[in-house]
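Protein chains: 2
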Amino acid sequence: MKRVKKIEHLCIIGVGLIGGSFARAVRQADLVNHITGCGRNIDNLKKALELGVIDDYSQDIREAVKEADLIFIATPVGSFKSILSQIKDSMKDGAIITDGGSTKTSVIEAAKAVFNEVPENFVPGHPIAGTENSGVEASFATLYQDHRVILTPLKQTKPEAVEYITQLWESIGAQVVIMDAHHHDLVLAATSHLPHLLAFSLVNTLTTLDEKQEIFENAAGGFRDFTRIASSDPSMWQDICLANKDALLEHLDLFSSDLKQLRSALQQGDGDFLKQIFTRAKHSRDDLSAKNSD
Amino acid sequence: MKRVKKIEHLCIIGVGLIGGSFARAVRQADLVNHITGCGRNIDNLKKALELGVIDDYSQDIREAVKEADLIFIATPVGSFKSILSQIKDSMKDGAIITDGGSTKTSVIEAAKAVFNEVPENFVPGHPIAGTENSGVEASFATLYQDHRVILTPLKQTKPEAVEYITQLWESIGAQVVIMDAHHHDLVLAATSHLPHLLAFSLVNTLTTLDEKQEIFENAAGGFRDFTRIASSDPSMWQDICLANKDALLEHLDLFSSDLKQLRSALQQGDGDFLKQIFTRAKHSRDDLSAKNSD
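Line order of the protein sequences matches chains S and F.
Residue numbers for the first sequence, in numbering that gives the first Met the number 0: 0 to 293.
Residue numbers for the second sequence, in numbering that gives the first Met the number 0: 0 to 293.
Next up, chain S with everything else stripped away, as it sits in the complex:
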């Protein structure tokens, strides 16, 4: 792989799990000279500085981005419009913007609303990696290794900018996939947003039961795995659900309709139907285990 050009000055807006891990990874790969952090939580920024994840910080976005050659936005997607408005007149000419937002249509809409047209130097992106933890202390340099990063450039996006961002991600071990933003949102609604919604919803339902105490006391490994994502950041997931509402509702309705069928089969004692559904699911899930380290 050809050596990618070093980033002179990187600004990370939102130095949490995603932003912090990107900073650590490019630093470890010797791909950056200076990293400025920006964010609303001053304690988190101080911690990031202390951990050497960033070199300095400013809570004033305009100030934070003004010297940056690359701006990486890694905040909840609901904040993008406000952030882009503040960046707009203070960023350097030719600076490249990319992001780690979990939804892409909404991010593109936000950019359109602020800039009238999505800037040619803005490469929307989404690393398919993460844990249920948040904040800079949860970040680590190898988060993106062997993980996918989906980029959703538009027609007007500069090919050089897409190429540069692609090379950066590849240099820190990720695999880049290019996809249409709308398609990204549909796929992620199914594979990430709906599972999160269901996990949050199930745990919430169980907390309302009389047997709540015993339920959690008797939870085994299967329950812990199934509900781990319910420990994710509520504000971030509120934003994601609203930003990808249409695709999420579409998949939620398909799920609910299939679940209703399963309920009828259960009520009627139709074991064959249950087994057929369970078997098909097991085959798909086993295939996934075979392809990925589980």
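Some hints could be false.
Intra- or inter-copy, both count: the list cannot distinguish identical chains.
Said to hold, decoys possible - Derived BS3-like pairs: lysine-lysine, alpha-carbon spacing no greater than 25 Å straight-line:
| no. | residue 1 | residue 2 |
| --- | --- | --- |
| 1 | 244 | 274 |
| 2 | 91 | 65 |
| 3 | 4 | 244 |
| 4 | 65 | 45 |
| 5 | 80 | 157 |
| 6 | 5 | 65 |
| 7 | 65 | 290 |
| 8 | 274 | 154 |
| 9 | 211 | 244 |
| 10 | 244 | 259 |
| 11 | 157 | 259 |
| 12 | 274 | 80 |
| 13 | 45 | 154 |
| 14 | 211 | 290 |
| 15 | 111 | 87 |
These aren't lab readings, by the way, just hints derived from the structure by calculation.
Please arrange chain F on chain S, whose structure you already have, making use of the hints.
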């Protein structure tokens, strides 16, 4: 802890993950002299013999149990009635029966149907442990360490038998909890059976989508955790769902009704409601992480 009496002759009916792990654990703790395996899959029994999990086997249940002092039934719960009928007239006087069945009311009903009344030497049990894998090769001696085992004895169950089974489980590192069978089924419907049903159902729904291929290709750790239990044995779970139908339907309906509310909030863009639900779920799930190694 007082040293528990060694089992002279143990018969394991169903030498899979649960039965095989029990055999390995009592053997490792030097708590058994001889183990006979019994099951429908001859290759699995041969494998169990080869691995030293059992000392011999018979596929004839009557033959397998006739010398046993302790009979451990670890087969899908739908098979209990047939197994108990075959045990009935061939087991030794005074032999103790226990089991690892995931539902307890159905197991007790099966025993009632076969014996007219649940035998005083039968201690219904359920170890809250397992993985998504099955078969003797998936079994391991430490499966029950630091896991709960729920026993659901009846009024007529001999206290000595309950005490003996309790000591056995404790000797291999488990924590025993005594519970009413009906209550057990309600708690497990919430903490295990419903999550399995939802995981199977979601994976099945996703396999029906046009984007199926991409969905599974872009699945990250959260999805893998959430759906891991969909790799569980379909026959076993068909049995569990049918055996615990009433409690499962009750919890499924509560879940569906709460999910419907969440759907309305999402459709109306009511972020505050989403955040409130997500936050409550996160708190409960974080508490669970704090109590258990996650």
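At most 25 Å between alpha carbons: which applies to residue 274 and residue 154, within, between, both or neither? Neither, since 47 Å and 35 Å both go past 25 Å.
From the Cα coordinates, with 25 Å as the cut-off, is the pair residue 244 and residue 274 best called within, between, both, or neither? between (32 Å within a copy, 14 Å between copies)
Within, between, both or neither: how does the pair residue 80, residue 157 come out at a Cα-Cα threshold of 25 Å? Close inside one copy (22 Å), not across copies (70 Å); limit 25 Å.
Taking 25 Å as the upper bound on the Cα-Cα distance, should residue 211 and residue 290 be classified as within, between, both, or neither? between (37 Å within a copy, 15 Å between copies)
Classify it for me, residue 274 with residue 80: is the Cα-Cα distance of at most 25 Å met within a copy, between copies, both or neither? Cα proximity of residue 274 and residue 80: across copies only (20 Å, versus 48 Å in one copy).
Homo-oligomer pair classification [residue 154, residue 45; C-alpha up to 25 Å]: For residue 45 and residue 154, the Cα distance exceeds 25 Å both inside one copy (39 Å) and across copies (62 Å).
Between residue 157 and residue 259, at a C-alpha cutoff of 25 Å, which is it: within one copy, between copies, both, or neither? Neither: 47 Å inside a chain and 43 Å across chains, both beyond 25 Å.
Can you tell me if residue 65 and residue 290 fall within 25 Å by alpha carbon in one copy, between copies, both or neither? neither (44 Å within a copy, 46 Å between copies)
Is it within, between, both or neither when you check residue 211 against residue 244 at 25 Å Cα-Cα? Cα proximity of residue 211 and residue 244: across copies only (20 Å, versus 30 Å in one copy).
Between copies, within a copy, both or neither: which fits residue 65 and residue 45 at Cα up to 25 Å? Answer is within: at 20 Å inside a copy they meet the 25 Å cutoff, but 71 Å across does not.
Between copies, within a copy, both or neither: which fits residue 4 and residue 244 at Cα up to 25 Å? neither (38 Å within a copy, 61 Å between copies)
Under a CA distance limit of 25 Å, which applies to residue 5 and residue 65: within one copy, between copies, both, or neither? within (18 Å within a copy, 76 Å between copies)
Hint compliance for this structure: hints 3, 7, 8, 11, 13 are not met, and every other hint is.
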